[in-house]
Structure formats: structure tokens, C-alpha cells
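Let chain A serve as the given structure and place chain B on it in line with the hints.
Here is what each chain is made of, one letter per residue.
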Amino acid sequence: MTYVITLPCVDLKDKTCIEECPVDCIYEGERMLYIHPDECVDCGACEPVCPVDAIFYEDDLSETDTPFADMAKEMFAGLGSPGGAPRAPKVPDPPFVLGLPPQEHDEV
Amino acid sequence: MEDLRVAVVGSGPAGIYAAAALTAHEDAAVDVIDRLPTPFGLVRYGVAPDHEKMKSVAVALRRVMEHDRVRFLGNIELGADLSVADLHRHYDAIVVANGAAVDRRLGIDGEDLPGSFSATEFVSWYSGHPDSALDKFTLTAGTVIVIGVGNVAIDVARVLLKTARELRTTDIPDHVLAVLSHSQVRDVMIVGRRGPAYAKFTTKELRELGELASADVIVRPAELALDEASEAELADNAVARRNLEVLRAWSERAPQGRPRRLHLRFGLRPTVIHGDACVTGMGFGHGTGPSVHVPADMVLRSVGYRGVPIPGLPFDDERGVVPNAAGRVLSDGAVVPGEYVAGWIKRGPSGIIGTNKHDAAETVRCLLADAPALPRRQVRDPDEIIDVLHQRGVRAVPWQGWEAIEALEIAAGQRRGAKQVKVADRELLLAAALSRPSPGC
Numbered sequence: 001m002t003y004v005i006t007l008p009c010v011d012l013k014d015k016t017c018i019e020e021c022p023v024d025c026i027y028e029g030e031r032m033l034y035i036h037p038d039e040c041v042d043c044g045a046c047e048p049v050c051p052v053d054a055i056f057y058e059d060d061l062s063e064t065d066t067p068f069a070d071m072a073k074e075m076f077a078g079l080g081s082p083g084g085a086p087r088a089p090k091v092p093d094p095p096f097v098l099g100l101p102p103q104e105h106d107e108v
Numbered sequence: 001m002e003d004l005r006v007a008v009v010g011s012g013p014a015g016i017y018a019a020a021a022l023t024a025h026e027d028a029a030v031d032v033i034d035r036l037p038t039p040f041g042l043v044r045y046g047v048a049p050d051h052e053k054m055k056s057v058a059v060a061l062r063r064v065m066e067h068d069r070v071r072f073l074g075n076i077e078l079g080a081d082l083s084v085a086d087l088h089r090h091y092d093a094i095v096v097a098n099g100a101a102v103d104r105r106l107g108i109d110g111e112d113l114p115g116s117f118s119a120t121e122f123v124s125w126y127s128g129h130p131d132s133a134l135d136k137f138t139l140t141a142g143t144v145i146v147i148g149v150g151n152v153a154i155d156v157a158r159v160l161l162k163t164a165r166e167l168r169t170t171d172i173p174d175h176v177l178a179v180l181s182h183s184q185v186r187d188v189m190i191v192g193r194r195g196p197a198y199a200k201f202t203t204k205e206l207r208e209l210g211e212l213a214s215a216d217v218i219v220r221p222a223e224l225a226l227d228e229a230s231e232a233e234l235a236d237n238a239v240a241r242r243n244l245e246v247l248r249a250w251s252e253r254a255p256q257g258r259p260r261r262l263h264l265r266f267g268l269r270p271t272v273i274h275g276d277a278c279v280t281g282m283g284f285g286h287g288t289g290p291s292v293h294v295p296a297d298m299v300l301r302s303v304g305y306r307g308v309p310i311p312g313l314p315f316d317d318e319r320g321v322v323p324n325a326a327g328r329v330l331s332d333g334a335v336v337p338g339e340y341v342a343g344w345i346k347r348g349p350s351g352i353i354g355t356n357k358h359d360a361a362e363t364v365r366c367l368l369a370d371a372p373a374l375p376r377r378q379v380r381d382p383d384e385i386i387d388v389l390h391q392r393g394v395r396a397v398p399w400q401g402w403e404a405i406e407a408l409e410i411a412a413g414q415r416r417g418a419k420q421v422k423v424a425d426r427e428l429l430l431a432a433a434l435s436r437p438s439p440g441c
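These protein sequence lines are chains A and B, in that order. Per the numbering used here, residue 1 is the first one in the first sequence, and the count goes up by one each step. Per the numbering used here, residue 1 is the first one in the second sequence, and the count goes up by one each step.
Calculated directly from the structure, the hints in this document are not laboratory data. Beta carbons: idealized from backbone N, C-alpha and C, even for Gly. A few of these clues could be false.
What the hints assert, rightly or not - Partner residues are not named here, just some residues of chain A that face chain B (Cβ under 10 angstroms, in silico):
#	residue
1	2
2	39
3	59
Bound-form chain A, shown alone (with noise of 0.2 angstroms):
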């Protein structure tokens, strides 16, 4: 178990989360931010600094957005585990990513 960015993070990318993550498990693709389900300490610091509330604890997920924890703890098995998302260069955006349309922010 663990935290999961969602669909309002597509294409607006806001980051105070990764301000805000005390162990830097907070990783970017190009179209939105991912959290590292075996670095994430379950401390939920970033779930309430998300402008979007993009940011659901797993059991809160609503059955459209469980791709996105799926998604996130296969890409990270792929990955392994950079230990600090700072230094470790722009994560891949996997295929489910990949093929949503563009999606539309109103200025937060």
C-alpha cells in the first residue's frame, strides 16, 4: 500500500509534493509525477499540499484510477529503486501515460 498521483497531475506537473516528500520519492516523467510505492514511507505530507488532489492513499481510489497504482508499481519494478528522486534523471512515462489525450488545467 501506498500514496498514488492520478489523472488531474497529467500535464500540469505542480511539484509542491516533491517540496514537500521527506524521503524524495517523488519522480517525474514528462506528463506527470510519480511516487515510488517501495521508497514512500506512507507519511501522506503530500496529499494535502496537492493543488489538484491528484494524490489518493491506495484504498481511496476510485475504480477508474487504480490503472494508476498498477502503473506506477510496475514501472518502478522495471526501475528498481534510484534511492532519491532528486538526482535521478526524468522517469520513462509508460504506455497507459503515454496514450491519454492532452489534458486541460485551469491556472492553479
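Structure of chain B alone, referenced to chain A:
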């Protein structure tokens, strides 16, 4: 700019995140000072033993402490071993991040009866804090009332309700595990003075109570009824809405006949703790109706913390914090040069571990902006502080000393099938930390 030496007082998350932000500045060197021989503050002595994932935040904190320009000075108490004036002599700036050590009281009769404790005392005991007497708790109580509706209340309830077998593979100290294995506790009651909409639990922690193998969770549907103010509170509080969903589901669940029970009660205002020689129960006000008496053998209050004044630093007695503007210490409204605060002593006891990263970064931004104009330290040599302490008969525990403690705890863990088992006794900690291997070994 000249080199900048900073003393950070407190090696909990706030202090270590302050050190992290400082080391990002290449001229800065930091001594992190703690009154205990062990680092990590509430990560070690507050996060519950069974929250292993949360405790792994220590991995990130350790990386900071192992930085070339960071030094650990454990076993050194500000106000006792070193004064604020000493720190000014040896450092260009001071960041105090020593937390909020004292619990708030209920202010009702009977609070000092044997059997009435603060949740902090219980947490310190089961976390193996060296200030906590090993035999502080015996758990001969059958019913325990926990006053307060935050995550600390949940932690203490969960530790009381889990079996010793379930906690065996955590870092919980041996003497605590022994007491838990003979625990008489059958009923734990978490009590909130207001309705469920005002509970401060995070949903994840609340939900965990429903997964206890050894305890049924009991919620009275009538106590979940919402008044107008509660509805308004829920409208802009997503966490409270999710909490209420969890509570409602439990209120419809039939007890499974498990050996222990957790009761979550709302709308009960503590008025008195009853008992002659020791606690026998509590009285509560209940709306406008007659008062309610609940028999109990032990009471744990968990209604917040406050900081304690540090000799030589201003203090806001009302709020229990050091008065400050964005981390700059204020005395009668004026900035005190070179003095800063971070964490709970700065903002009060709120937020979670991650909150301190942001909070400490704000303080360090102020410090670095002020740095060029700060009066410089008189003593340039960083080792002189160690000599000063030595002359006072105090030995600072270095980072290698902590590593020796850790090695001892890992060895203790192997005997129990745990990764690490905490050593609580201060003398043992110091003996491990300060014993010097002979040269060549």
C-alpha cells in the same frame, strides 16, 4: 562568504531537515546536537514500533547525518551541558529544533491519580526512551480510556490491543514485550469530546484499527449523528468525510467475539477521573443530558503537546513555542541575530514528519539570507567545543557511537527474529556509544 558554522539543537526530523537545507550551501558546516545519545527524535521515540514503513524515513535522515559537513554531538543537553551563550561563542548561528517535550493536561480532578498518565508517557515507555523507567507500566488494567482523537490516541490503542506475538518482530524493547505478553487489557475506549467530524485521525491510521486480528471495533451509530456545524466541517474536510465513512461502516458491523474490544466514542466531555488510591473510572458530560460514568483502571490523555522554555531563549508561554517570524527568533518583537527555530518549537505540535522539511527549509532560507550580516563566532576551531564539553565532564556521542548502539540493537534483534530491538537503558546506550575499540582492532 566566510565559512558558516551552525549548531542545530535536536536531531529529530526538523533538526535534520534543517541540516540538510544548510549543507546545500557549500560554505556551511553543521553540528547537530541532541540531549540523547541516539538521533532521529520522534522517528525513534514516537513513531509506533509496528509502523516500520514510516520508520524507514530514518534512511533519508541518515543520509543527511553522514554528510561530510555534518557532525553529530549526542548526549549534550542545551541549558545543562551547554548554554545558548556557549553556542554563540562557537557558532555563527543556532537553529533550535528540540520539539515539544511536554504533554497538555486535561485540567480536571483526579488527573494525578495512579493509573492516570499522558499518552506520551506510554509512548516513551513502549518506544524505549531512556528517560522512561523500565517498570513504568504493568498493564494489569482491564479497561483503558484514551482521551483524544488524533493519531497518537490510535497508536497507543493499537499497541494496547495487539498481541505480544504480533509485535515480536518489531523493534519494541524486550522489557516492554514481556509486559505486553501478560497484559490484562480487554477493553480500550478512545474518547472524543466532540463529534466524529472533528476527529484528527488520518484515514489510513483509523482504518488500520479495523484490521486488528485480536480486537473488535465497536462504534455506536447514535454518536455518529451530525449537527449543522459538523455538516459544515465535513463540507470542506475530505479527510473527515473519509473518516466518517470508515466509522459508519464499523457501526454497522457485528462484533466477531474477538478477545479484545476497541470502543470509539464521541461527544463525551471529560469532567473527572474517579478513584481513591488509583483510577476506578471517569465521568463525562454528554450533551445536555445527565453525566456518564465509565468504569476504567487506566486513563491515557492524548490532547496535545507543548514546548518547554529553554534558558537563554525567549518563550511564548501561551502557545508553548519560541516566538519567531518564519523561523527568526523574536524577543519582544525584535529579531535576535543568529537565533532560529524549526519544527514544533517553532510552529507548535502540528503536522506530520514531512511538514518539517518545508518548515526547516523556510527557517534556513532566512538564516542564509541573514548570514552575511551575522556577528561571527569568536572561537574558530570546530574541535574546541568538544574540549569545552570534556572540561565539563561531558562526553559527546559521535555518529560512530550511534552506529555502535545500532550494531548492539541489530544483534539483540537476531535473538528475536527482528531486524533491530531497541536498548532503552541509558547506561547501556552510553557504554556502547563511548567504548573505544583498541587501536588496530
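The hints, checked one at a time:
no.: 1; hint: 2; result: holds (9 angstroms)
no.: 2; hint: 39; result: holds (9 angstroms)
no.: 3; hint: 59; result: holds (7 angstroms)
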